[in-house]
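Read off the chains here:
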Amino acid sequence: MDEWITKEEALRRSLLAKEKLRDELIALPFEEKIRRVIEMQKIERELKKDSGKHIYVWTME
Amino acid sequence: MKQLLELLAEMINLKLIGNYALGGATALIRYFEPVQTQDIDVFIVLSNEENGLVNLSPIYSFLTLKGIVVKGEYFLVGTTPVQLLVPYNALIDEAVENAGVHKFMGCDVRIPSFEHLMAIMVQTGRAKDKARLSEIFEKTELFDSTTLNSILKTHNLEAKFERVKLWMNG
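Chains as they are written, first to last, in numbering that gives the first Met the number 0: chain A, 0 to 60; chain B, 0 to 169.
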């Protein structure tokens, strides 16, 4: 994509994309949202594995 | 998560609890974006409450028999820390009583209305509650402000809400 845009326009597009993603997340079914929470817990556990802090990772079941 | 909902349904059938509703971040996720959280709060209405006194022993016995591990203030249901909370004021009583029934993996799950959850956040007023409210107010189409205002008025939270709004507006 060869398009020259201002930094302000780049920022505007970036914020719009974030809002769009947020709207998509909000619209997910509850079950899918819980699945996303579990994914976040897995990531946090990985990030904090050397800190000694225990991160609980739920299961859908 | 599913195991927790099955246990709650069984506790209602056995009349150990009168009712329940999820609280905290897990309940909020029903209406808003998923956020990182560690535990699940569950408000339980006890069947054996007498003159403001409650006895949690039958629930502890039931859960222990089911192999649920008690870890400090939490029950460990599978790998999920769960905190059982007794509704401690009229707003939470109302939120639990009017909770909607939703579905999770074929199980019923009771979750308070978005407006009740927002009112609880106003009432609790911690920094993280105000931060979440601030995000929610960017999406006014997601809630009914008339309902929210009515709940806030009923529970004398209007002044507190004004202070939260001041905080949100920086």
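No lab work stands behind these hints, which were simulated from the structure alone. Heads up, a few of these hints could be off.
[Stated by the list, open to error] So the derived label-pair ranges between C-beta atoms look like this:
1) A:R12 <-> B:A8: 41 to 49 Å
2) A:E43 <-> B:T63: 27 to 35 Å
3) B:Y87 <-> A:R34: 15 to 23 Å
4) B:R125 <-> A:E7: 33 to 41 Å
5) B:G169 <-> A:E60: 42 to 50 Å
6) A:L14 <-> B:A8: 41 to 49 Å
7) A:L24 <-> B:R125: 21 to 29 Å
8) A:R34 <-> B:G99: 16 to 24 Å
9) A:R12 <-> B:E157: 34 to 42 Å
10) A:K6 <-> B:S149: 25 to 33 Å
11) B:V100 <-> A:L10: 40 to 48 Å
12) B:K127 <-> A:E7: 44 to 52 Å
[Claimed, not checked] Here are the computed lysine to any residue pairs in the SDA-like style, where the Cα-Cα straight-line distance is at most 20 Å:
13) B:K127 <-> A:R21
14) B:K102 <-> B:N88
15) B:K138 <-> A:L46
16) B:K14 <-> B:Q35
17) B:K127 <-> A:I25
[What the hints assert, rightly or not] To spell it out: a stretch of chain A is covered by chain B in this simulated footprint if at least three of its residues, at any positions, have a beta carbon under 8 Å from a beta carbon of chain B; those stretches are:
18) 1–14
19) 23–35
20) 54–60
Just so you know, even glycine gets a beta-carbon here, dropped at the ideal spot from N, CA and C.
I'd like to know which numbered hints this structure contradicts. Please list them from smallest to largest. Violated hints: 3, 10, 12, 14, 15, 16 and 18; rest satisfied.
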